[in-house]
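Work out the full structure, taking the sequences as your base and the hints as a guide.
Residues in the sequence shown are numbered consecutively from 1, following the UniProt record's numbering.
These are computed hints drawn from the structure, not numbers from a lab. Just to be clear, a hint being listed does not mean it is correct.
Restricting the straight-line Cα-Cα distance to at most 25 Å, the calculated cross-link-like pairs of lysine-lysine (PhoX-like) are [as the list claims (entries may be wrong)]: (1) K170 x K209; (2) K154 x K140; (3) K207 x K170.
Predicted model only: the values in this text are computed from it and were never measured.
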Amino acid sequence: MLNVLVADDDDNIREILLHYLKKQNFNVVEANNGRSALDFAIEKQLDLIILDIMMPEMDGYDVCREVRRVSNVPIIMLTASGDEFDRVLGLELGADDYIIKPFSPRELVARIKAIFRRVDSTSRKKVNEQSFTYDYGAVKIDVDRREVIVKGEKVTLRPKEFDLLVHLAKTPGNVYTRETLLENVWGYDFFGDIRIVDAHVKKIRNKFKQIGCDVLMTVWGVGYKFEIHA
Numbered sequence: 001m002l003n004v005l006v007a008d009d010d011d012n013i014r015e016i017l018l019h020y021l022k023k024q025n026f027n028v029v030e031a032n033n034g035r036s037a038l039d040f041a042i043e044k045q046l047d048l049i050i051l052d053i054m055m056p057e058m059d060g061y062d063v064c065r066e067v068r069r070v071s072n073v074p075i076i077m078l079t080a081s082g083d084e085f086d087r088v089l090g091l092e093l094g095a096d097d098y099i100i101k102p103f104s105p106r107e108l109v110a111r112i113k114a115i116f117r118r119v120d121s122t123s124r125k126k127v128n129e130q131s132f133t134y135d136y137g138a139v140k141i142d143v144d145r146r147e148v149i150v151k152g153e154k155v156t157l158r159p160k161e162f163d164l165l166v167h168l169a170k171t172p173g174n175v176y177t178r179e180t181l182l183e184n185v186w187g188y189d190f191f192g193d194i195r196i197v198d199a200h201v202k203k204i205r206n207k208f209k210q211i212g213c214d215v216l217m218t219v220w221g222v223g224y225k226f227e228i229h230a
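This is the structure we're talking about:
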């Protein structure tokens, strides 16, 4: 049985989600503030976190940031605002998806199932992958070990950042649209904002530029490509 944390200070929302998630045979843990949510995320073995942004004691952004320091558990953020800044910030902090209130519990359940399908697909892919390394001189990517070495220094990437980098690095110089990257890296059934691609590219660039290397180029009006600019 999969363990899902529902963190929201609205008792009605937690009650509704508890009802729908239990019907789908999920084991649900509840938190009504950000501090409790973070404690659960650290102490318990969770498979998914549903995280409201506006909560007492600690907001959802801070919880997401702290969780990402220790775990890659999928996170869906709940927001009462349709503001682009709120959505993009959540994605940049490491959320996997977001949904705007008011929302249909059935839609949220569909998004949860989509995330678990992607996680399962990624796990099967890892098992079937052969061990090989992309060696571009300044940049080496070990797919089997899921390691990236830039100018002799190890760069730590989150799972989806690594998957995105590998997809681009397979064919240096080829330009991929955001839609193509979203389909191939996140999966065709991804419900979230296409700008999650931009957020992940930005994170990878920032980590590489700290070592004085730039590998992801923007092709304006089209998308992204992998090139070495040491």
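Hints the structure fails to honour: Going through the list in order, the structure violates no hint and respects every one.
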